[in-house]
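Student: The residues making up each chain are set out below.
2 protein chains.
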Amino acid sequence: MRHQFDEDVSVREIAEGEFEAQFSSSWLAGPALLGGYSMVVGLRALATALPQPDPLSVTAHFLGPLVPGPAHLRTDVVKRGRTVSSGQVAISQEGRERLRLLCMFGELEAQPCSRHMGEGPPALPPPDECVAELDDGNEFHQTMWDNFEYRISPDAGGTLTGGRSGDAVTRAWIRLADGRDPDPLALVAVVDALPPVIWEIGVTGWVPTLELTVHLRARPAPGWLRIVARTRFAQGRLFEEDAEIWDSQDRLVTQSRQLAMIPG
Amino acid sequence: MRHQFDEDVSVREIAEGEFEAQFSSSWLAGPALLGGYSMVVGLRALATALPQPDPLSVTAHFLGPLVPGPAHLRTDVVKRGRTVSSGQVAISQEGRERLRLLCMFGELEAQPCSRHMGEGPPALPPPDECVAELDDGNEFHQTMWDNFEYRISPDAGGTLTGGRSGDAVTRAWIRLADGRDPDPLALVAVVDALPPVIWEIGVTGWVPTLELTVHLRARPAPGWLRIVARTRFAQGRLFEEDAEIWDSQDRLVTQSRQLAMIPG
Chain A
241 MRHQFDEDVS VREIAEGEFE AQFSSSWLAG PALLGGYSMV VGLRALATAL PQPDPLSVTA
301 HFLGPLVPGP AHLRTDVVKR GRTVSSGQVA ISQEGRERLR LLCMFGELEA QPCSRHMGEG
361 PPALPPPDEC VAELDDGNEF HQTMWDNFEY RISPDAGGTL TGGRSGDAVT RAWIRLADGR
421 DPDPLALVAV VDALPPVIWE IGVTGWVPTL ELTVHLRARP APGWLRIVAR TRFAQGRLFE
481 EDAEIWDSQD RLVTQSRQLA MIPG
Chain B
241 MRHQFDEDVS VREIAEGEFE AQFSSSWLAG PALLGGYSMV VGLRALATAL PQPDPLSVTA
301 HFLGPLVPGP AHLRTDVVKR GRTVSSGQVA ISQEGRERLR LLCMFGELEA QPCSRHMGEG
361 PPALPPPDEC VAELDDGNEF HQTMWDNFEY RISPDAGGTL TGGRSGDAVT RAWIRLADGR
421 DPDPLALVAV VDALPPVIWE IGVTGWVPTL ELTVHLRARP APGWLRIVAR TRFAQGRLFE
481 EDAEIWDSQD RLVTQSRQLA MIPG
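Line order of the protein sequences matches chains A and B. Heads up: the first sequence is residues 241 to 504, going by this note's numbering. Heads up: the second sequence is residues 241 to 504, going by this note's numbering.
You may find that some hints are simply not true.
Because identical chains cannot be distinguished in the list, a pair is counted as satisfied if it fits within a single copy or across any two copies.
[Unchecked claim] Taking lysine to aspartate or glutamate pairs in the DMTMM-like style, the calculated list, with each CA pair at most 20 Å apart, reads:
1. LYS319 with GLU256
2. LYS319 with GLU337
3. LYS319 with GLU369
4. LYS319 with GLU334
5. LYS319 with GLU373
6. LYS319 with GLU347
7. LYS319 with ASP294
8. LYS319 with GLU247
9. LYS319 with ASP395
10. LYS319 with ASP386
11. LYS319 with ASP421
12. LYS319 with GLU389
13. LYS319 with ASP418
14. LYS319 with ASP482
It should be emphasised that the hints constitute simulated quantities derived from the structure, not laboratory data.
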């Protein structure tokens, strides 16, 4: 069975290392496409050239707005290794590069042992006691929200649940709305799927991401994922947003950090 | 006055976008050079091609061991922008690429306002009540330690102070030993200058870094820096190490995260 997600992130090779993609208008996260979505499209292209199956690390530099419509991808292998390999992707629209990715692939474990876990999964009420309707109080049209099912913690999701918590943290259950089980590729979109937690502390509107790095830590088990996103330091115009995703077996499957800017 | 640090990270342009460097044997961190040191050398080369003065974000993929001796650097501008610019650097030794960098430059503030600080600088006794001698209980020859002055917190630096805390965190004062004041460039070396905190929980020996991303958050004030490094999640063979540096004016100046691997 082919899910909508796989349709939306598909690429077509047109020459060695050259791909075409059609960015879907169902992934808008404000005035531009969700960064994590375009990163998955880039990973799909690069994966064809590398010997290992799973992304371990993906770094994105957002150079210009990615929008629905045709896109051109150029992939380059940086190193093919026995354990890990690296490559880069340049995604252009209308002849201008909009996104640069530097990616590392390897082989993830499905059931890694816990050696040292300073924290466990985020504490959340059961999904049916959480808030299913996103209300961001924002006029942006977020088509991408329809691609996910959210169950937001009532006590840590202020803006999203109609209030404002004053603490820059959101905790939620999340899964793809099309019924597709998570895999490392999809996690790169999921980790970017919450609205900016900085909205919780009174910053409003579009906060452009400069850089986003996602680490994949294990192959996820099927079922609901739990995500926690947090901004600890907003200083001057710069802030970071960290996120972690845990799977239904209580394993850490993804960690991310982005550097973003408050428009001046 | 020219400091030893600037001597060690100097580059010489030999053609447009092509540089030579001489990696110093005084930056060994075990069997290979300190990653943060070679990142600074790469940033020095790329800085000549970009209009903004400060690194904002640097991502490194470690592809092979960097060793003392000659190195070749190739820089490519990804995007020259009005506010931020991106570029990449490939560092090769003996004809093989060993390090790939993806870097963003911009202009950092010296005195950014605090909008939301979830934590303050790490709690540390005054420098003269901390431990000045590193003792890692490890046979690796760490010449790079002589480039810094360390004052390690007696209660959060187990391995380094001769014990083992059992908690994967280290807090310390740190500054360059040559008397040079910190700047954003030097912070990229400083943030990588503590021994792996995973040693605190019983993992020993060489733990190769796969990927390291450093964010610069403000121009540092002169004087002692405070650094805190922490591993929260070691699961299977993968773990992250996060670090933060604060300056003498209690401002967050650097944040970093690396993905590293426990050899199998």
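Student: Run every hint past the structure and note whether it holds.
Tutor: Outcome of the hint check:
In this assembly of identical chains, LYS319 and GLU256 lie within 20 Å of each other by CA distance solely inside one copy; the values are 17 Å within and 24 Å between copies. Proximity of LYS319 to GLU337 under the C-alpha cut-off of 20 Å is restricted to the inter-copy arrangement: shortest distance 8 Å between copies versus 22 Å within a copy. For a Cα distance limit of 20 Å, the shortest separation of LYS319 from GLU369 qualifies neither inside one copy, at 47 Å, nor across copies, at 47 Å. Taking the closest pair of Cα atoms, LYS319 and GLU334 come within 20 Å of each other only across two copies (15 Å); inside a single copy the shortest separation is 29 Å, beyond that limit.
Taking identical chains as interchangeable, the C-alpha atoms of LYS319 and GLU373 are never at most 20 Å apart, the minima being 44 Å within one chain and 39 Å between chains. Proximity of LYS319 to GLU347 under the C-alpha cut-off of 20 Å is restricted to the intra-copy arrangement: shortest distance 15 Å within a copy versus 32 Å between copies. In this assembly of identical chains, the alpha carbons of LYS319 and ASP294 lie at most 20 Å apart only when taken from the same copy (15 Å versus 28 Å across copies). In the homo-oligomer, the alpha carbons of LYS319 and GLU247 never lie at most 20 Å apart, since the shortest distance is 29 Å inside one protomer and 30 Å across protomers.
For a Cα distance limit of 20 Å, the shortest separation of LYS319 from ASP395 qualifies neither inside one copy, at 46 Å, nor across copies, at 42 Å. For a Cα distance limit of 20 Å, the shortest separation of LYS319 from ASP386 qualifies neither inside one copy, at 37 Å, nor across copies, at 33 Å. For the identical chains of this complex, LYS319 and ASP421 are neighbours neither inside a copy (30 Å) nor across copies (37 Å), given an alpha-carbon limit of 20 Å. Taking the shortest alpha-carbon separations for LYS319 and GLU389, neither the intra-copy value of 37 Å nor the inter-copy value of 36 Å comes in at or below 20 Å.
Taking identical chains as interchangeable, the C-alpha atoms of LYS319 and ASP418 are never at most 20 Å apart, the minima being 35 Å within one chain and 36 Å between chains. Taking the shortest Cα distances, LYS319 and ASP482 never come within 20 Å of each other, neither inside one copy (28 Å) nor across copies (26 Å).
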